[in-house]
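K.L.:
The residues making up each chain are set out below.
Number of protein chains: 2
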Amino acid sequence: MNKLIERVKVTERKEKPDPSSLGFGQYFTDYMFVMDYEEGKGWHRPRIAPYEPVTLAPSASVFHYGQAVFEGLKAYRAADDRILLFRPDQNIKRLNRSCRRMSMPSLDEDVVLEALTQLIDLEKEWVPRERGTSLYIRPFVIATEPCLGVRPSKSYTFMIVLSPVGSYYSSQLEPAKIYVEDEYVRAVNGGVGNAKTSGNYAASLQAQQKANELGYDQVLWLDAIEKKYVEEVGSMNIFFVINGEVVTPALSGSILSGITRASVIDLLRSWNIHVREERISIEEIYDASVRGDITEIFGTGTAAVITPVDELNWHGKKLSINDGQIGRIAEKLHQTLTDIQLGKEQDAFHWVVEV
Amino acid sequence: MNKLIERVKVTERKEKPDPSSLGFGQYFTDYMFVMDYEEGKGWHRPRIAPYEPVTLAPSASVFHYGQAVFEGLKAYRAADDRILLFRPDQNIKRLNRSCRRMSMPSLDEDVVLEALTQLIDLEKEWVPRERGTSLYIRPFVIATEPCLGVRPSKSYTFMIVLSPVGSYYSSQLEPAKIYVEDEYVRAVNGGVGNAKTSGNYAASLQAQQKANELGYDQVLWLDAIEKKYVEEVGSMNIFFVINGEVVTPALSGSILSGITRASVIDLLRSWNIHVREERISIEEIYDASVRGDITEIFGTGTAAVITPVDELNWHGKKLSINDGQIGRIAEKLHQTLTDIQLGKEQDAFHWVVEV
Ligand SMILES: Cc1ncc(COP(=O)(O)O)c(C=O)c1O
Ligand SMILES: Cc1ncc(COP(=O)(O)O)c(C=O)c1O
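Chains A and B, in that order, are what the protein sequence lines are. According to my numbering, the first sequence is numbered sequentially starting from 1. According to my numbering, the second sequence is numbered sequentially starting from 1.
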């Protein structure tokens, strides 16, 4: 495979940004990975090329009919300078599930992993060293056929771009205030809510803006049908600690199957903490919180790993969670997961892959 | 305004395609209209430029978070060679409604109409003369900010491209076979189903493919909540003629507010035919059809104007409509609308705008 990936060299390397002001997804490295698809020919011409603009016909189908899927994962720098990836196989599998749902051709998982590894190896100087920083990896596929017929595109481009990032939110374990949205909805069963496709994010912006205007950081979505059951947060899955047990919405078909979510469930169970994946109504949550039975709420996602929730607003009713303090379980999960990701902790689950 | 639109000349004009094999959305004219938006600066630099590729950063937000809206309308050539547009103001208003729903900046409606008019005037030789052909007009807006944060983009590009087209389907009033989809859904109330945004089309492809494999032309969507009420067809609204009355799904929030739909309702009412816009269950349709009360079903949309439906498949139950014959009302609507569009019929509603 190594030899199959063509390489075009950059003439000049960019200057690296100041690691203290990276933000999220603003800076990109010198190289990217690109591969093309054409009907009849399949995926071809895998190459590592200079990071440069994409040129597409104005009629390219991604602009009109939205076939676009993506993934997000991170490369971390260990204390001994090794570069570590967290469960990249899971992101690649999910990318393929998204492709299939969106009528897009799937990719050879080994080729994607090899591409990812070669690209990061070439760009390893871009993996920042500061606490909380990492190299964000964005694989994505877009439909490129220059034709306005509403049907699956006959050509696609797969790309991987790399961006050195600070933590997604301003600091690491900063609690978030969540607004329970009951007017707008994100996805519904039978739709594309469990695919990581661009339209889901565009569809979420209006509610996100409304929550921000009301002073909240993120939206907690309810199910589209009864507007009763908890789904997920902007780009995180959600967990509740109720009477010492952990509860999270089941993968019903309308939420994303988070890789952090799956890892958190495995960790909790390995600690003998009972985890239930089930349908949970926002009313149950409200009542349990009023009774004082909810000790923690937290979100899980690649961007911030664990985000404790310190306030929930449902219909104007404000719930303060754990007196605004970060909970014990969220804290321990965050510590353990980041330690595994940074190679500090024994990796009992074999989640970490060295580049 | 005329002087405000900058023009860059092409060096060479393309050869026009054979009008008998235009297909849909495959050929594009020599020029396009482009205008940019930046936060703080607003929409600026309206220009008519050579039709050429778009260059975007790999991190441009349209590729990742799907902020993209579009419109579709047609320019027709009248027998006396005038170029006519059908209700362009309605498309421009809908474009702005789509923009607002997708957290995108809206456009000055007069500027868009002026841009459209100037561009078509410049390209009038591209409006084909053959029966059933027209110049398809595709205005669209895409998010261009090179940043991976999930939030509304701070920059956008608005473009208008033109494509000479045959009729969307192989012939003009060709009946379609429709598959009633009850597994996949297109949109739900509180979502973005009433916006003409790219993600809605990507979300529909899987069901469309399934219908095609089963030998059907298009999908009839049911509501996402009860999977019981009729919504719309792929890119058409749907009408039923039941006991001499015409019934069409009300604009519930999850379907597109079609301009052909609105025009059909106005025409029918002007003919003293009773039209009801309401919630209609597929079961009612089935029962009415079995009783012999349904004399016609037809779709309405810019692409084919009126498409009679000659077969409906619901749960494997096949309904043959009007013995597979094109209905009287569909026929008359098609004739009247195309005559108005081509300037042959008196335009009582003032729908037609000359370029
Ligand atoms: C909608 C949505 N839900 C949940 C998640 C969390 O998934 P993961 O843990 O794989 O990052 C993400 C982000 O990736 C997301 O975009
Ligand atoms: C989803 C959808 N519904 C209905 C229509 C019909 O709308 P109009 O009559 O404005 O073309 C279209 C096509 O434009 C469409 O894309």
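By construction, these hints were calculated from the structure, which means they are not laboratory data. Mixed in with the good hints, there may be bad ones.
Taking lysine-lysine and the BS3-like style, the derived pairs with C-alpha atoms no more than 27 Å apart in a straight line are [claimed, not checked]:
#	chain 1	residue 1	chain 2	residue 2
1	B	Lys74	B	Lys14
2	B	Lys74	A	Lys228
3	A	Lys16	B	Lys210
4	B	Lys210	A	Lys93
5	B	Lys154	A	Lys177
6	A	Lys210	A	Lys41
7	A	Lys210	B	Lys14
K.L.:
Confirm or reject each hint.
P.N.:
Here is what the structure says about each hint:
no., hint, verdict
1, B:Lys74 to B:Lys14, "holds (21 Å)"
2, B:Lys74 to A:Lys228, "violated (44 Å)"
3, A:Lys16 to B:Lys210, "violated (49 Å)"
4, B:Lys210 to A:Lys93, "holds (23 Å)"
5, B:Lys154 to A:Lys177, "holds (24 Å)"
6, A:Lys210 to A:Lys41, "violated (46 Å)"
7, A:Lys210 to B:Lys14, "violated (48 Å)"
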